[in-house]
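A.B. asks: Each chain, written out:
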Amino acid sequence: MNKLSENNPFILPQGQEQGHFGQSTIIDQLTTISVYQEKMPIWSLQARSRHTFNGDISKFYTDHLKHIIVYNEKKEDYYLTGIKNLIKKNNFLQLSLTTSDDSESEADFEKEISDHPHKYIIDIKPLDNERDLNIISEIVKKIGVEFTIDDVSELFSVDNDCILKIANNIEK
Amino acid sequence: MGDSIECEHSEVVAKKIIPSSPQRRDDIGVCIKYLCTRDGSAEVVKELDPKVHKIKESSNLNLGDCIKSEAFFVLVEGLRPLSKTKLGGQSNRHSSNSVSPRKYTYAEISYPFARIMHALENRQKEIGKINM
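Going down the list, the sequences are from chains G and V. The numbering of the first sequence is our numbering, which starts it at 1 and goes up by one. The numbering of the second sequence is our numbering, which starts it at 1 and goes up by one.
Be aware that one or more of the hints could be misleading.
Away from chain V, derived, C-beta distances all over 10 Å, residues of chain G [to be verified]:
| no. | residue |
| --- | --- |
| 1 | His64 |
| 2 | Ile69 |
| 3 | Val70 |
| 4 | Asn72 |
| 5 | Tyr78 |
| 6 | Leu80 |
| 7 | Thr81 |
| 8 | Phe109 |
| 9 | Pro117 |
| 10 | Asp123 |
| 11 | Asn129 |
| 12 | Asn134 |
| 13 | Asp150 |
| 14 | Asp161 |
Covered stretches of chain G, as calculated for chain V (at least 3 residues, CB under 8 Å) [to be verified]:
| no. | region |
| --- | --- |
| 15 | 85-97 |
| 16 | 135-149 |
No wet-lab data here; the hints were simulated from the structure. The structure presented is a predicted model; accordingly, all values stated were derived computationally and were not measured. We treat Cβ as the ideally placed atom computed from N, Cα and C, and that holds for glycine.
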């Protein structure tokens, strides 16, 4: 393990990318970058780069790769949240259909949800960054359904008002 | 005027009022979301006490304040289902449904998410232009 890997156990670069390149240096070499998770290599890539580059090449690549990995992990989280919330909605609608209007049924309905919250209740959490909204927007675009903002809030467990606040800041 | 109301007791009318999901929120706790579509309105029948918004700063809080829309959603505190009352009309096609939650209610007009997507796409294009 080298120094960089100690600072950043998630991404461990190997070989040439360790060097520091001054201003106007032309890099023309094969660079291997391996990505590790919990000290096990998960994938590596080789790239032939020819750029004028100023700075530490290892940081340039590792930061970029880290961004890609975190972005994809977040995206996977939102896909899973969406599927789980659809299952909860389905459970709730089935329960609603089997509940009649009398007060006894209404009490049973309330009890069933209170006793099994993980089966029915969707947790709505605040959203405070544009990156996550971009990920959600990307998924919504791929689904291809015309959602309302509150549909998206419900599907991905994010607060409706937070979505509007981020959008208003962008539009300013 | 904002596009939402918050109150202690409301009157909600729409041709379709459909339960959507139970939710747990940091601001109001557990509630049930309803979707209201076609000729709908939600009115403040009893004001909040204290009269302070819980979800959205721009919400209308005064007695008689009302939102009207073809599509809006309602959050009603608690998990008890609302009993619907039919209003007017001889058939389902012409009648409306009414619910009167006697609990904290939040109602807000629904807007398409496409608006957000366009704003984000325009932002990405702007960032792209700056980086070019």
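A.B. asks: Is the nearest CB of chain V more than 10 Å from the CB of Asn134 of chain G?
C.D. replies: With a cut-off of 10 Å, Asn134 of chain G comes too close to chain V, as the shortest Cβ separation is near 6 Å.
A.B. asks: Taking the shortest Cβ-to-Cβ distance between Val70 of chain G and chain V, state whether it exceeds 10 Å.
C.D. replies: With a cut-off of 10 Å, Val70 of chain G remains clear of chain V, as the shortest Cβ separation is near 18 Å.
A.B. asks: Is the nearest CB of chain V more than 10 Å from the CB of Ile69 of chain G?
C.D. replies: For Ile69 of chain G, whose nearest Cβ neighbour in chain V is about 20 Å away, the distance exceeds 10 Å, so it holds.
A.B. asks: Find the nearest Cβ of chain V to the Cβ of Asp161 of chain G and say whether that gap is larger than 10 Å.
C.D. replies: Asp161 of chain G not clear of chain V: closest Cβ-Cβ about 5 Å, inside 10 Å.
A.B. asks: Non-interface claim for Phe109 of chain G: all C-beta distances to chain V beyond 10 Å?
C.D. replies: 6 Å, violated
A.B. asks: Are all beta-carbon distances from Thr81 of chain G to chain V longer than 10 Å?
C.D. replies: Fine: 13 Å to the nearest Cβ keeps Thr81 of chain G off the interface.
A.B. asks: Any Cβ of chain V at or closer than 10 Å to Asn72 of chain G, or is the non-interface label fine?
C.D. replies: Given a closest Cβ separation of 18 Å, the condition holds.
A.B. asks: Could you let me know if the closest chain V CB is still more than 10 Å away from the CB of Asp123 of chain G?
C.D. replies: Contrary to the label, Asp123 of chain G does not stay out of reach of chain V, its closest Cβ about 5 Å off (not over 10 Å).
A.B. asks: Any Cβ of chain V at or closer than 10 Å to Leu80 of chain G, or is the non-interface label fine?
C.D. replies: Per Cβ check, Leu80 of chain G is outside 10 Å of chain V; nearest 17 Å; holds.
A.B. asks: Can the region 135-149 of chain G be counted as covered by chain V under the rule of three residues or more with Cβ-Cβ separation shorter than 8 Å?
C.D. replies: holds (count 7)
A.B. asks: Non-interface claim for Pro117 of chain G: all C-beta distances to chain V beyond 10 Å?
C.D. replies: 7 Å, violated
A.B. asks: Taking the shortest Cβ-to-Cβ distance between Tyr78 of chain G and chain V, state whether it exceeds 10 Å.
C.D. replies: 14 Å, holds
The structure fails to meet hints 8, 9, 10, 12, 13, 14 from the earlier list, while all remaining hints are met.
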